[in-house]
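> Please work from the sequences and hints to get the whole structure.
In order, the protein sequences belong to chains L and R.
1 is the number of the first residue of the first sequence in the numbering used here; add one for each residue after it.
1001 is the number of the first residue of the second sequence in the numbering used here; add one for each residue after it.
Rather than coming from a laboratory, the hints here were simulated on the basis of the structure.
Keep in mind it's a predicted model, so treat the numbers as computed, not measured.
Below, computed lysine-lysine pairings styled on DSS-like, alpha-carbon distance capped at 30 Å:
| no. | chain 1 | residue 1 | chain 2 | residue 2 |
| --- | --- | --- | --- | --- |
| 1 | L | K148 | R | K1002 |
| 2 | L | K123 | R | K1005 |
| 3 | R | K1039 | L | K180 |
| 4 | L | K67 | R | K1072 |
| 5 | L | K175 | L | K87 |
| 6 | R | K1002 | L | K180 |
| 7 | R | K1049 | L | K130 |
| 8 | R | K1072 | L | K43 |
| 9 | R | K1039 | L | K130 |
| 10 | L | K130 | R | K1005 |
| 11 | L | K175 | R | K1039 |
| 12 | L | K148 | R | K1030 |
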Amino acid sequence: MSEPTDNELMLCVKAGNLDKMSLLFSRHHRSLYNFLYHMTHDKQASEDMVQNVFYRMLKYRNTYTGKGQFATWMFHLGRNILKDEFKKQKRTGNYEGLEEVSEKISGGILADEQLGKKQAQHKLYRAMEKLNEEEREILVLNKFQELKYHEIAQILNTNEGAVKVRIHRAFNQLKSIYLKMESYEV
Amino acid sequence: MKCDKERVTHWLNNQLIDDERQEFEAHLAKCTACQQEVKEAREVLNMLKQIQVPEPSADMEVRFQGMLDAYKQSVVKNDNAWKNFISRLQQLWSFQPKQQLGYSIVLVILGITVGHLFFNKSPKDNSKEQIAALSSKVEDMRQVMTLSLLENPSASERLRAVSYTEEITNINAQIIDALLRTLNEDPNVNVRLVTLEALIKYSDQPRVREELIRSIANQESPLVQSALADIMIRLQEKRSVEEFRHLLKNTGADNPVKPKIEKTITQLSL
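Okay, structure coming up:
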């Protein structure tokens, strides 16, 4: 017998077999965590949000229709939780992500070559943070989650044409920010 | 084909459909600007891919399992509460077999129908009686009020009393007496005129007619005299001629209605 699909598992959960959620968690929590991490650059917050997303899936399992893909639904919920989180951060004004990065860079002695690479990465990392939330989100879904345009469109509640335009704009923005930073340093 | 930066992005994303892709790739082979664009974009993309995401904590799955177990328990509790409630309802139902229930429903319907048939008329009659009783009471009250208001020192109140009599359907002798007394004795000319108007309605009663004729001698106001003359002509009351003659004898030469009274006498004597 072949492995049950995400959709089948989630419909089982909807029908009352809550244990099937464990399987869905082990399949998808990492990709959700990656998405959230790229959006926040905060490990602890991302882990908490992953738990939160899966909790919401259990609680609102009755709203799952099984029409779209399970992952789409998951990212959709992830986005909502992320929005709440950003609102909270704007109120309290703390952003731990950046500190974590600099710690990682300064921590440990790195070989020159390795250091150069790290610095370039760090620049890109900062360039990502300079994007607005929408641009960052669409790039993360596109580049890190490697989702197809029509899948992204579903998650963002929009059409494929709009996704195309926005991805191009966001990527161009990232590139120009990154190249500008590069030229300042040289 | 022109250079199109957007195509570069979508090409790198592997999201160009066959025709578009072939067209673009043909263009790319010749265009150095686009090659440069692709190079830069690839550089950024490669760098992006290398951004490291810290490993999530190892206990994530454990934490999830804990959350799931807690959630399951809360659901079971809710479920039990609901099931208990339903089964209790079902127990209540089991005490009333369907036959008995049907029987009692039929009885209730029967009762309502029979009751409706038997007592349908009585409430209407009853209400009619009540309304009649009520309106007669209102009438009584009006009569009492009229009587007491006619004694009021204020002329406007007495006027009101007279106007009340128009609303009384079954006028009694007491009211007629009071009106006649007002006609003869009231100090206010207006009240007397209105009273006269009110009394015309009852001129078919012989007693009222007689009293009106007798009243001619009592009236000193030319206005009332004139009004009485009009009424007598309307009623064709020949018995009043004597009274008018008497009035003419007693009244002075300066009475403005003197010609009218003379005319009335000749009209009635015809």
